[in-house]
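Colleague: Here the protein sequences come in this chain order: A and B. For the first sequence, position 77 matches number 77 in the numbering used here, and the numbering has no gaps at all. For the second sequence, position 163 matches number 391 in the numbering used here, and the numbering has no gaps at all.
Since the hints were made in silico from the structure, they are not lab data. Any given hint could be a false lead.
[As the list claims (entries may be wrong)] If you anchor each label on the Cβ, the simulated ranges turn out as follows: (1) B:Gly497 / A:Asp72: 47 to 57 angstroms; (2) B:Arg436 / A:Glu122: 25 to 35 angstroms; (3) B:Gly253 / A:Gly128: 29 to 39 angstroms; (4) A:Glu122 / B:Gly253: 35 to 45 angstroms; (5) A:Asp72 / B:Leu411: 35 to 45 angstroms; (6) A:Gly65 / B:Ile518: 30 to 40 angstroms; (7) B:Gly253 / A:Gly142: 27 to 37 angstroms; (8) A:Pro18 / B:Arg436: 23 to 33 angstroms.
Even for Gly, the Cβ is constructed at its ideal location relative to N, Cα and C.
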Amino acid sequence: MPFVIDMRDAAFGYGSEPILSALSLRLAPGSFHFLTGPSGAGKTTFLKLCYAELVATAGGVAIFGENAARLDRDGIALTRQRIGVVHQDCEFLDHLSIRDNIALPLTVTGRDTPGQDSNLDELIAWVGLTARAHARPPELSGGERQRAALARAIIMDPDLILADEPTGNVDWDMSLRLLQLLCELNRMGKTVLIATHDMALIRSAKAQVQARVLRLAGGRISAAGADL
Amino acid sequence: MSALADVTSLLRGETQADRVVPRSGQAAKLTLAVSGAMAFLAVFALALSLAAGRLADRWSQALAQSSTIRLSAPAQELDIQTWAVLILLQQTPGVESARALSDEEQRALLEPWFGHDLPVDDLPVPRLIEVIETPEGYDATGLRQRLAAEAPGAVLDDHTRWRAPLVAAADRLRLLGWLSLGLILASTGAMITLAAQAALASNEQVIRVMRLVGAQDAYIARAFVRRFTRRALTGAAAGAALGMLAVALLPRAADEGAFLTGLGFQGAGWLVPLAIPVLAAIVAFWATRIAAFRTLRGLR
Chain A
1 MPFVIDMRDA AFGYGSEPIL SALSLRLAPG SFHFLTGPSG AGKTTFLKLC
51 YAELVATAGG VAIFGENAAR LDRDGIALTR QRIGVVHQDC EFLDHLSIRD
101 NIALPLTVTG RDTPGQDSNL DELIAWVGLT ARAHARPPEL SGGERQRAAL
151 ARAIIMDPDL ILADEPTGNV DWDMSLRLLQ LLCELNRMGK TVLIATHDMA
201 LIRSAKAQVQ ARVLRLAGGR ISAAGADL
Chain B
229 MSALADVTSL LRGETQADRV VPRSGQAAKL TLAVSGAMAF LAVFALALSL
279 AAGRLADRWS QALAQSSTIR LSAPAQELDI QTWAVLILLQ QTPGVESARA
329 LSDEEQRALL EPWFGHDLPV DDLPVPRLIE VIETPEGYDA TGLRQRLAAE
379 APGAVLDDHT RWRAPLVAAA DRLRLLGWLS LGLILASTGA MITLAAQAAL
429 ASNEQVIRVM RLVGAQDAYI ARAFVRRFTR RALTGAAAGA ALGMLAVALL
479 PRAADEGAFL TGLGFQGAGW LVPLAIPVLA AIVAFWATRI AAFRTLRGLR
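Only chain A is shown next, with the shape it has when bound in the complex:
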């Protein structure tokens, strides 16, 4: 089975100055990773390389065994259907209800069949948003938005979940709740990569999951001490 993400000496930069360089990393299927580092270290850029929003300017990035640089636009779309992304700012369509936003990946891939309704309702219940399903995104709190973003990220049953500071805008209890959801997904076999600078969150994951902690600093990635 190919690695979910396989970076070999990858680099990325705008112009001549590299933001990231010499990135070599392999994410095995079903693994759990934290990506830490100070603000501005390039964690979001790293995640963008993982879902082909950016293309490495040097080296190579393979996603599910496919060279990301060689994917055409349809290839990128099909690859993203296997990746669930949770952004820090969530990025919803404000004119749609939360239920429709969560179902968006099904809608745009033509899988929004009536038979999916019960699965969708189950998922909304799993993230605790049943009562808010018909609200618009601006009406939701930060925690509710993060849970909705997580539900949207996993509605397509993806193989890889990428979360960029998923607990950045929520209180500690909600952070733990979100972490618990991500750990549950990992136990279902999903590969999870969470970018965060919240070390308390990483420590609290210790009891729930076997995770590897990566540190991004100075444009390079390294293992941050012992794995959890």
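Could you slot chain B onto chain A? The hints should help.
Modeller: Relative to the frame of chain A, chain B by itself:
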């Protein structure tokens, strides 16, 4: 994804997918208004083109089969020479019939210039002989030579000299009508492209999110193509209907009315403007599709 899939989707309608892209008020109004106005103008361009075509055909056909012999001779010889010319014409292959115009007919021809009290008998007005040709026609050069021998004062006018520029003018008018129609369609396409680009630009965030969750370009483009094609069809249908009503309300054609009162549609010609909304929809379909894919290529 092929254009055929887009057409199928257009006809089937995908209300769920349509909802994903928010309605953009300004672009929608612009597309409706432009399509309506352009269709209204297109109806008139079409009416002009068809009327000019009819005129060219009429002049071409009506005058091509007839000619005139103008006979000038001293009053005492006029009847004899007329008789001689008519006999000659009877014997000329390609001439179906020939007759001398009566004094009343000649007076009627001159009336617009000289009034109705014209004393034709007292004036040295040449005798006019109308010649109707067979479909094969006659040999004009041979007939002129024989006329010169039999009636030196006879001049054959087969209308070629002044018919050709008239027919050419009508043909040119018809061409201009079609050219106008083409320009109107091109302008419609350009305006819809601009409106589609504006809608795409204002929905960049929506498109970004759709791409993020795995939407393919064809799906995103279809949402815009469907919307703009339907708007163009609706606007053009309304504009064409109003244009046809306006043409129908033009004054009826009269003998004195010349060209302008004949500007309109006749018989099955009324069906032709019905193609305008369909053409507008086709133009909108391609204009939006090209604009959408061009914009999407700029986004990762």
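Colleague: Now tell me if each hint is right for this structure.
Modeller: Here is what the structure says about each hint:
1. B:Gly497 / A:Asp72: 47 to 57 angstroms: Between B:Gly497 and A:Asp72, where Cβ atoms are some 49 angstroms apart, the hint holds.
2. B:Arg436 / A:Glu122: 25 to 35 angstroms: holds, 28 angstroms
3. B:Gly253 / A:Gly128: 29 to 39 angstroms: The hint (29 to 39 angstroms, Cβ to Cβ) holds, given that B:Gly253 and A:Gly128 are roughly 36 angstroms apart.
4. A:Glu122 / B:Gly253: 35 to 45 angstroms: This hint holds: roughly 37 angstroms between Cβ atoms.
5. A:Asp72 / B:Leu411: 35 to 45 angstroms: holds, 38 angstroms
6. A:Gly65 / B:Ile518: 30 to 40 angstroms: With Cβ atoms ~35 angstroms apart, the hint holds.
7. B:Gly253 / A:Gly142: 27 to 37 angstroms: 31 angstroms Cβ-Cβ, so the 27 to 37 angstroms window holds.
8. A:Pro18 / B:Arg436: 23 to 33 angstroms: With Cβ atoms ~25 angstroms apart, the hint holds.
Consistency with the previously given hints is maintained throughout, with no hint failing.
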